[in-house]
Amino acid sequence: MPSSYTGAEKRRLAWLTLKAAKQSMAGDPNVDTIDPRVKAEAERIEQRAEDRGTREVSALERRLSEARNAAASAKATMRTSSGKDRAAARTQMNDHEAAARRIERELRRYQ
19 MPSSYTGAEK RRLAWLTLKA AKQSMAGDPN VDTIDPRVKA EAERIEQRAE
69 DRGTREVSAL ERRLSEARNA AASAKATMRT SSGKDRAAAR TQMNDHEAAA
119 RRIERELRRY Q
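Residue numbers 19 to 129, in the working numbering, belong to the letters of the sequence shown in order.
To be clear, the hints were calculated from the coordinates, so they are not data collected in a lab.
Remember, predicted model here, so these are calculated numbers, not experimental data.
Just so you know, even glycine gets a beta-carbon here, dropped at the ideal spot from N, CA and C.
Do not take every clue at face value.
What the hints assert, rightly or not - Keeping only pairs whose Cα atoms sit at most 27 Å apart, straight-line, the calculated DSS-like set for lysine-lysine is: (1) 40 to 28; (2) 37 to 57; (3) 57 to 40.
As the list claims (entries may be wrong) - Using C-beta positions, here's what the derived DEER-type ranges look like: (4) 35 to 103: 53 to 61 Å; (5) 109 to 38: 51 to 59 Å; (6) 80 to 44: 43 to 51 Å; (7) 129 to 66: 19 to 27 Å; (8) 94 to 116: 53 to 61 Å; (9) 35 to 105: 55 to 63 Å; (10) 57 to 79: 16 to 24 Å; (11) 44 to 113: 40 to 48 Å.
Please take these sequences and the hints and turn them into a complete structure.
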C-alpha cells in the first residue's frame, strides 16, 4: 500500500528503530527484548502513513480524471471553433494535458 510520511514521522521512526536496535543488542538473542510500547508506536505511525497515502492516491486519481475530462472538453471546443477561439482552446487543452501528466508522474511515486 502507498505510504506518506511526514518529516516528524520519519524522524520518530528512525529514533524508534535505533531504540529497538539498542534494546535488541542488550538482551538475550533468543528472547524478544524490544519494549512492546516501541513496537506499538511504530505500528501506529505506519498505520497513519498508510491511511494518508491511500487518501492522497485517491485524491490524485480524482484530480487526474478531472484534468483528462477538461482536456477532452477543450479539445472538442478546439475542433469546433475557429480563429482566436480555436487558439485559446488549444492553449487550454495543452494546459490541461500538462496538468494530467504532472498528476500521473506524482501517482507513479506511490506505485
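Going through the earlier hints one by one, which of them does the structure break, listed in rising order?
Hints 8, 10 and 11 contradicted; others consistent.
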